[in-house]
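The residues making up each chain are set out below.
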Amino acid sequence: MNNKEIKFSDEFLNAFVDNQIAAEEKSSAYSEISQDESLNRQVCELRKLHDLVQLAYRDPPAPPARAGASLNSHQARLRFGVAASVLLTLGIVLGSQIRMPSTSPSATAAPDTAAQHVAKNISLIKPFQAKAAAPADGKVRVASLQSMAVIPATEAPEPVPEPAIVQNEVPHNATTKVLVHLARDDADQLSQALDDIEGLLKHYSKARQSARVEVVVNGKGLELVRTDTSLFAARIQRLQREYDNLTFAACQNTIDRLAREQGIVVRLLPGVITIDSGMAEIMRRQNQGWAYLQV
Amino acid sequence: MRKLLTLTILAVLTVLGSGCASMMGQDKQKVVYHINYNDEKQLSSALGNVKNHISAIGQDKIDVKVVMHGNGVDLLKIANTDLNMQQKVIGLKKDGVAFQVCNNTLVNKKIDYKNDLFDVSKTDIVPSGVAEVANLQQKGYVYIKP
Chain W
1 MNNKEIKFSD
11 EFLNAFVDNQ
21 IAAEEKSSAY
31 SEISQDESLN
41 RQVCELRKLH
51 DLVQLAYRDP
61 PAPPARAGAS
71 LNSHQARLRF
81 GVAASVLLTL
91 GIVLGSQIRM
101 PSTSPSATAA
111 PDTAAQHVAK
121 NISLIKPFQA
131 KAAAPADGKV
141 RVASLQSMAV
151 IPATEAPEPV
161 PEPAIVQNEV
171 PHNATTKVLV
181 HLARDDADQL
191 SQALDDIEGL
201 LKHYSKARQS
211 ARVEVVVNGK
221 GLELVRTDTS
231 LFAARIQRLQ
241 REYDNLTFAA
251 CQNTIDRLAR
261 EQGIVVRLLP
271 GVITIDSGMA
281 EIMRRQNQGW
291 AYLQV
Chain G
1 MRKLLTLTIL
11 AVLTVLGSGC
21 ASMMGQDKQK
31 VVYHINYNDE
41 KQLSSALGNV
51 KNHISAIGQD
61 KIDVKVVMHG
71 NGVDLLKIAN
81 TDLNMQQKVI
91 GLKKDGVAFQ
101 VCNNTLVNKK
111 IDYKNDLFDV
121 SKTDIVPSGV
131 AEVANLQQKG
141 YVYIKP
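Same order as they appear, the protein sequences are chains W and G. Residue 248 in this note's numbering is what sits at position 248 of the first sequence, and the numbering runs on without skipping anything. Residue 93 in this note's numbering is what sits at position 93 of the second sequence, and the numbering runs on without skipping anything.
Calculated directly from the structure, the hints in this document are not laboratory data. Hints should not be assumed to be uniformly reliable.
Unchecked claim - If you want a taste of the chain W side facing chain G, the calculated C-beta under 8 Å gives, among others:
1) Leu194
2) Ser205
3) Leu231
4) Phe232
5) Gln288
6) Ala291
7) Tyr292
Backbone N, C-alpha and C define an ideal beta-carbon position, used for all residues, glycine too.
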């Protein structure tokens, strides 16, 4: 018992999620974790966090100093370093000077980086995540990620420079991709949400605009695509038949949770796919340049 | 040879530095507020959010569009009779906020924008509110659902 507690300390779990422990230890940990409900959930939360952080801050720019690796004498390196920092500072000063006078909005506005975009929208997801049942420990961690992400989101006037993942140039006539997050649960609102989705699809087909629409359902929203609870099964199937660019994607985390907590074996309407996590999907799609909408 | 290499690297660094600095300078912040509900309290606080957002950034440094569809169009219906809401809309319009109304909703709910809604002209109407929200995001607008 005691041994178990030590073994599954926070540090251990973090290392486990980050893939930093030995293979045999890992396999024994796997079997123990799969038997323990709360541990399992804790690992799941950590993993989700791990994924989110990786998604938001992918591909850190390589340190530019690497380029000078061929210089080998100590002194040369030192001199190079000093010169580099002086020039870099000079460059920054020059750059900001050049920029200052142009207060008028230019047509080529500084593109929003994906990381910033994600950070902004994380705040929108907050109420949902707070609702999701999680052990006290996991919850604290999720909350701290959110507050981290929310700080730049609230009023940051300056974009975070992250040139590695700038991806906002949308070529003309490219396929428009929209992720619609269904976060509602009562029939009236769901019906309106389906109206919105249908209106969107109609609009693109009328405008002959190539488009993909993915509807992500999780939490309470899952009821919409369950065979035993959906009030709109026929409508959903009609929409799927009429629009082959429409996908309904159900959150596997929610499905697993229903099985664990209420013993419900979820059966989805035909054609509804599953994704590992609704939240992760929202982040992933935005990083891939999809527009995001909550209806 | 080595000197040449060093010089080249230093030159590249200078350019990089100035590039970074100019990336940090701001153009207008572009934001789309998405409204599809008609709870009066929620609407009122949403407009309060927009107002605060503009005051925080500065009117000349921000480009805000409020896109309404579905029940959200009721915002301008309410503003037609409720002076408090009307004042808020007028104030935001003065700050340069564009209020955009979904045509699908006008058709589905049989709303006559000239009589039923407050201060809407033809140019304020977009074919599909949802598509407009997606479209604006592709143009670099940040999405906020208050």
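We went through each hint and held it up to the structure:
1. Leu194: violated, 11 Å
2. Ser205: violated, 11 Å
3. Leu231: violated, 18 Å
4. Phe232: Interface hint status for Phe232 of chain W: violated (16 Å vs cutoff 8 Å).
5. Gln288: violated, 12 Å
6. Ala291: Nearest chain G Cβ about 4 Å off; hint holds.
7. Tyr292: Holds, because the Cβ-Cβ distance from Tyr292 of chain W to chain G comes to roughly 6 Å (cut-off 8 Å).
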